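Just need the whole structure built from these sequences, with the hints factored in.
Chains A and B, in that order, are what the protein sequence lines are.
Here the first sequence stands for residues 1 to 414, where the numbers follow this note's numbering.
Here the second sequence stands for residues 1 to 414, where the numbers follow this note's numbering.
Warning: the hint list may mix true and false statements.
[Claimed, not checked] Some, not all, of what chain A presents toward chain B, calculated at C-beta under 7 Å:
id	residue
1	K48
2	K112
3	V120
4	N123
5	A243
[Said to hold, decoys possible] In silico DSS-like pairs for lysine-lysine, Cα to Cα no more than 27 Å straight-line:
id	chain 1	residue 1	chain 2	residue 2
6	A	K50	B	K275
7	A	K112	B	K113
8	A	K394	A	K357
9	A	K112	B	K275
10	B	K48	A	K48
11	A	K275	B	K275
12	A	K113	B	K113
13	A	K48	B	K112
14	A	K50	B	K112
15	A	K113	B	K112
16	A	K50	B	K113
17	A	K48	B	K50
18	A	K113	B	K50
19	B	K48	A	K113
No lab work stands behind these hints, which were simulated from the structure alone.
Remember, predicted model here, so these are calculated numbers, not experimental data.
All C-beta atoms in this analysis are idealised placements derived from N, C-alpha and C, irrespective of residue type, glycine included.
There are 2 protein chains.
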Amino acid sequence: MKRILLFAAALSLSLAALAQQALGPGTGLVSPEINPDNSVTFRYHNPKAKVVQVTGDFLPTLPVEIDLGERKIMYNAPGVADLSEGPGGVWTYTSAPLSGELYSYSFLVDGKKVMDPSNVHQNRDIATWTNIFTLSARPGDPGWYYEVHNVPHGNVAHVWYDSPTLSSQRRMTVYTPAGYDSGNQHYPVLYLLHGSGGDEDAWSDLGRTAQIMDNLIAEGKAKPMIVVMPNGVWFNQAAPGAAVNNFQPTMQNSRSQSTQEIEDSFPDVMNYIEKHYRVAKGYANTAVAGLSMGGRQSCMLSLHYPDVFGYVGLFSGVGLVEGNEQAFAKVFAYKPHLYWIGCGKEDGVMVNSKKLKEWCDFQGFPVTLYESEGGHIWRNWRTYLTIFAQELFKDAPQKAQRPIRFSNTTEEFE
Amino acid sequence: MKRILLFAAALSLSLAALAQQALGPGTGLVSPEINPDNSVTFRYHNPKAKVVQVTGDFLPTLPVEIDLGERKIMYNAPGVADLSEGPGGVWTYTSAPLSGELYSYSFLVDGKKVMDPSNVHQNRDIATWTNIFTLSARPGDPGWYYEVHNVPHGNVAHVWYDSPTLSSQRRMTVYTPAGYDSGNQHYPVLYLLHGSGGDEDAWSDLGRTAQIMDNLIAEGKAKPMIVVMPNGVWFNQAAPGAAVNNFQPTMQNSRSQSTQEIEDSFPDVMNYIEKHYRVAKGYANTAVAGLSMGGRQSCMLSLHYPDVFGYVGLFSGVGLVEGNEQAFAKVFAYKPHLYWIGCGKEDGVMVNSKKLKEWCDFQGFPVTLYESEGGHIWRNWRTYLTIFAQELFKDAPQKAQRPIRFSNTTEEFE
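Structural data, given as structure tokens:
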């Protein structure tokens, strides 16, 4: 009993003391709250605000014109909704019922962005932080795969390796599936590349790679595999804050966009992985995929090393046909198990994705084009990974839609 | 040339497309900016705000009285400073020159917390997000150890293990030093425990464990070691969002504060580590330390397993003397290499730290008490780790200040 009393005293002390640093008074609000009909209620306390809004990808997008100087393009900006002020300066908004997804949002208080202080879940996308929440409307919908379920979990490691080609230590993120630690099995490998401005943390954080793989593997929908997420910017060693002199995300310039350095140094990544992990090597056990810039890099890697990657995924990325016709022919001479393109109908690079698909069709190179709704957004990339991962490391190669033939006539695809 | 043109088109497209999701217009401001004299300038754009302030631990603290009902206590709240409005609605504040440290801050816009949109570096402490920056005023000051330098880097893995005692999968964070991957050496292990409300990510994120260890090891000031950071809340599998049904941080109730379940299940943690890592086992190679609740747990673990931990660190944690006199005697009968207490002079638990030190002195049990400035804050815990880690796994046991003797007379220390 004395011990318990001592406890209580120590506890109240430490609670008060902790309040200095961390807990504060708490907001006393639940936000976001997922309602039984899958609508979501947002709450924010601010008696002085004149206008409080929420903006996020759960709202219908707004078409916006962007002036690029020589031309104007349309894009779909995240929607905005007004919260209503209630008693005590608490503002609320309830959405329409939502489908199962991972959603990003933030508040706008008199026009300025404010994070939701009642929601500890935030993600950084390049230089932008937003609050996030997942909603699992029905088992098996996309949101369900991004949530943590009571299934065996794989591990996620942030690993430094030597790149002799780039003369630097570099950091990558490695997912090993549940059971890896306790067994002797060798596993196939998916190399998964981020987009421009991203880093080696992008796929594991915003991309929910570990959750997607854990859930797909537990359901028997994907084979257990290692997923390797390197940093795809050749002049960055690591994510902002994890490397010397790398404090802000940088959009890549055209030099890095060219991916040449990433192509040349990619054997350094694979050598490290094949040396330090139990890897099932070879064409049938090696995949590469990436989003946006990483999609382009995946394409270039497949062209550069046509006998290495039996599975290739281009997520909102484009492959350049012109000048690479011979290289593409070599890629398809190896009969890849899967050459897969995913792109959103509203994505600016859809035109390029379609061109690649059409050219490959014309050549008789079997390529899958998956067209989703929406634009150049993470929601699509998570979906593409979920779909693509299920197709990996199956035994049979993808069937050619028609016999492979190669033509030099490529002008209509420039 | 054609290829380059295609590139430029694809790049501008992808830049515009990316703007949908991530980059936005950018703030166009540098904040925080570290000036040559180590003062720091904060900038924030908001033409509509009436008052913009910055609050953070770089400012002198403000004494505040907290009413706990039966009694009132004083604590030192983070200071607040006003920004001045300049042209175009840009508010600025420049601090006094600062010492080398990792600092946390956020803005208050008309009294409501707002993150600094120009600074991508944020950390979560339990339920509170703040912006952070590190400042290295002089080589070797604390801030220097928390920054990333051009030294060999260790890896950080988020690892799931089975706890038969708690009948669950649980997650921990494991730091392995540079060179671990490429060699055959066996390494000593520091088990490092977080505080109430924290989780297995706290030490690696806000605690800067990897940076501290990388830098100390590179300087030869600490021995290469494995650092294991388990989740110290027995009813949580993992950090918020990493486990099923664990979306918000929870302050522990007295039941978990009792640490009994953590003591009982600790062999599950050690068994996993000793099975899956190259561990130099035994008393002289095994340390435990923790902050606040984790300090208490470290003390209890040392009492529960007196022959296991040759090095013990209590950071702003308290050990309970009463009822544990015999257990403490047993701990010191093994002649621990180091039994170390670190506490801030303004910390509410200093009284307990001093009592433990005095009682141990009285018994002739050699205990080190390191008194720092400040309270129950991360700044101190990072410092304690930096100091404590340098003392670990040296050959000679700490010398007793006087011959060990045991007394049952403990009333003055209740």
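A quick look at each hint next to the structure:
{"no.": "1", "hint": "K48", "verdict": "holds (5 Å)"}
{"no.": "2", "hint": "K112", "verdict": "holds (5 Å)"}
{"no.": "3", "hint": "V120", "verdict": "holds (5 Å)"}
{"no.": "4", "hint": "N123", "verdict": "violated (10 Å)"}
{"no.": "5", "hint": "A243", "verdict": "holds (6 Å)"}
{"no.": "6", "hint": "A:K50 <-> B:K275", "verdict": "violated (59 Å)"}
{"no.": "7", "hint": "A:K112 <-> B:K113", "verdict": "holds (12 Å)"}
{"no.": "8", "hint": "A:K394 <-> A:K357", "verdict": "holds (22 Å)"}
{"no.": "9", "hint": "A:K112 <-> B:K275", "verdict": "violated (52 Å)"}
{"no.": "10", "hint": "B:K48 <-> A:K48", "verdict": "holds (12 Å)"}
{"no.": "11", "hint": "A:K275 <-> B:K275", "verdict": "holds (21 Å)"}
{"no.": "12", "hint": "A:K113 <-> B:K113", "verdict": "holds (11 Å)"}
{"no.": "13", "hint": "A:K48 <-> B:K112", "verdict": "holds (9 Å)"}
{"no.": "14", "hint": "A:K50 <-> B:K112", "verdict": "holds (13 Å)"}
{"no.": "15", "hint": "A:K113 <-> B:K112", "verdict": "holds (12 Å)"}
{"no.": "16", "hint": "A:K50 <-> B:K113", "verdict": "holds (16 Å)"}
{"no.": "17", "hint": "A:K48 <-> B:K50", "verdict": "holds (10 Å)"}
{"no.": "18", "hint": "A:K113 <-> B:K50", "verdict": "holds (16 Å)"}
{"no.": "19", "hint": "B:K48 <-> A:K113", "verdict": "holds (13 Å)"}
Checked against the numbered hints given earlier, the structure breaks hints 4, 6, 9 and satisfies all the rest.
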